[in-house]
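Student: Let's have the full structure, built from the sequences with the hints guiding it.
Chain by chain, the residues run as shown.
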Amino acid sequence: MHIPNGFLDPKVSTGTAFVAAGVLGYCIAKVRQALSAFVPESVLAGAGNIGCTITQGSKKLISSFAENHLMRMGAIGSLIFAAQMFNFPIATSTSGHLLGGVIAAVVLGPFSGSIVIAVVLAVQSIFFADGGIMALGANILNMAIIGTLAAYYIYYIIHKLIRNRIGSYAGIFLAAFFSVLAASIACAFEVALSGTIELSKILPAMASVHAKIGIAEALITIMAIEILKSANFELDGTIKNEE
Amino acid sequence: MKNRPIKIIVLIAVAVAIIAALLASSHPDGLEKVAASLGFGGKAKGTPGVFIDYQLPMFPLPALSSALAGIIGIIIIFFIFRSIAKVRHLGELLKKLLKRP
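If you're matching them up, the sequences are chains A and B in order.
Start counting the first sequence at 0; every next residue gets the next number (numbering that gives the first Met the number 0).
Start counting the second sequence at 0; every next residue gets the next number (numbering that gives the first Met the number 0).
No lab work stands behind these hints: they were computed from the structure.
As the structure is a computational prediction, the values presented were derived from the model and not from experiment.
Note that beta-carbon positions come from the ideal geometry of N, C-alpha and C, so glycine has one too.
Mixed in with the good hints there might be a few duds.
With the C-beta cut set under 8 angstroms, the calculated list includes, among others, these residues of chain A facing chain B [said to hold, decoys possible]:
id, residue
1, Asn4
2, Gly73
3, Phe85
4, Asn86
5, Ile196
6, Ser199
7, Ile201
8, Ala204
9, Ile212
10, Ala215
Tutor: Shown next, in the form of structure tokens:
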């Protein structure tokens, strides 16, 4: 549901761009904090005064950890980019493709996941003309923030309530389903607010198509997360930085 | 060997892009379909881009062209994060070198 140029008016484009930039900035700050807080800064500062062995060792630990996390983000980003190219038929003469937000958020943590999807959307928009540059803010808001960051907490709450495998599957299923549905509803509101079409027409049309795509998204997301987990690719909760 | 899973994931991504190039449905996606059936599809303005519709410019074989465009996209995204990772690493190294008397 990449919105092309021309569907949004300047008001909605800039408004969504500001919201998207603000939330993304917060995500970047959270990820930076998580990556650098792995060794307390006070320890580093103190060690620097005494001798360089501890400092060098811990700094190396931080940077190699941060480096590895960023490489994981790149790997998951490229996987989701490739998966988004895979349009599958959903109804007569309609197709859908993976959003991937919940995959990124569950595997990398919600803030890193959100950044990854935003980068994928930016690359698609700049190099592949998939999603307009003027609509990039709206697309990031719909897919990287609503469809990734917000959707993650559906999984998080269900997984906290039902602490077993079923809870994890149910959480992933519902989070992935609602990520697509909520993103499509947000998209409908943005297009309607721009005066392109009446809300009463676009909202039911978008929601009904994307409810079907959402079921496919949910099934693919469960499979993908299982595969990534078995490849030992999931991070543990402390690094995920959920709150 | 810490980077092994990362390499595997990127290789899977390449495989997915190749399969997508061969098998992906060419029907309009959800939003395009809704736009067309409600009659505002014409408002979409084409954007400039190097690889429009995931195709290399002026390349004769559509499936191969799409697979290559996908692989280029994978490389772009992976290298964005890789360069951030390496720059961070470089920053730490520089700090260490500068602090040394």
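Student: Taking 8 angstroms as the limit, does the beta-carbon of Ala204/A come near enough to a beta-carbon in chain B?
Tutor: holds (4 angstroms)
Student: Less than 8 angstroms between beta-carbons is the criterion; does Ser199/A satisfy it with respect to chain B?
Tutor: violated (11 angstroms)
Student: Quick check on Asn86/A please, does its C-beta sit within 8 angstroms of some C-beta on chain B?
Tutor: Interface hint status for Asn86/A: holds (4 angstroms vs cutoff 8 angstroms).
Student: Is the interface hint for Asn4/A satisfied, with its Cβ closer than 8 angstroms to some Cβ of chain B?
Tutor: holds (4 angstroms)
Student: Grab the minimum C-beta distance from Ile212/A to chain B and call the hint holds if it beats 8 angstroms, violated otherwise.
Tutor: holds (6 angstroms)
Student: How about Gly73/A: closest beta carbon in chain B under 8 angstroms, or not?
Tutor: holds (3 angstroms)
Student: If you take the shortest Cβ to Cβ gap from Ile196/A to chain B, is it below 8 angstroms?
Tutor: Nearest chain B Cβ about 5 angstroms off; hint holds.
Student: Does the interface hint hold: is Ile201/A within less than 8 angstroms of chain B, judged Cβ to Cβ?
Tutor: holds (6 angstroms)
Student: Mind checking the CB of Phe85/A against every CB in chain B and telling me if the closest is under 8 angstroms?
Tutor: holds (4 angstroms)
Student: Could you check if Ala215/A really has its C-beta closer than 8 angstroms to a C-beta on chain B?
Tutor: Hint violated; Ala215/A Cβ to chain B Cβ min 11 angstroms, cut 8 angstroms.
Consistency with the previously given hints fails for numbers 6 and 10, ordered from lowest to highest.
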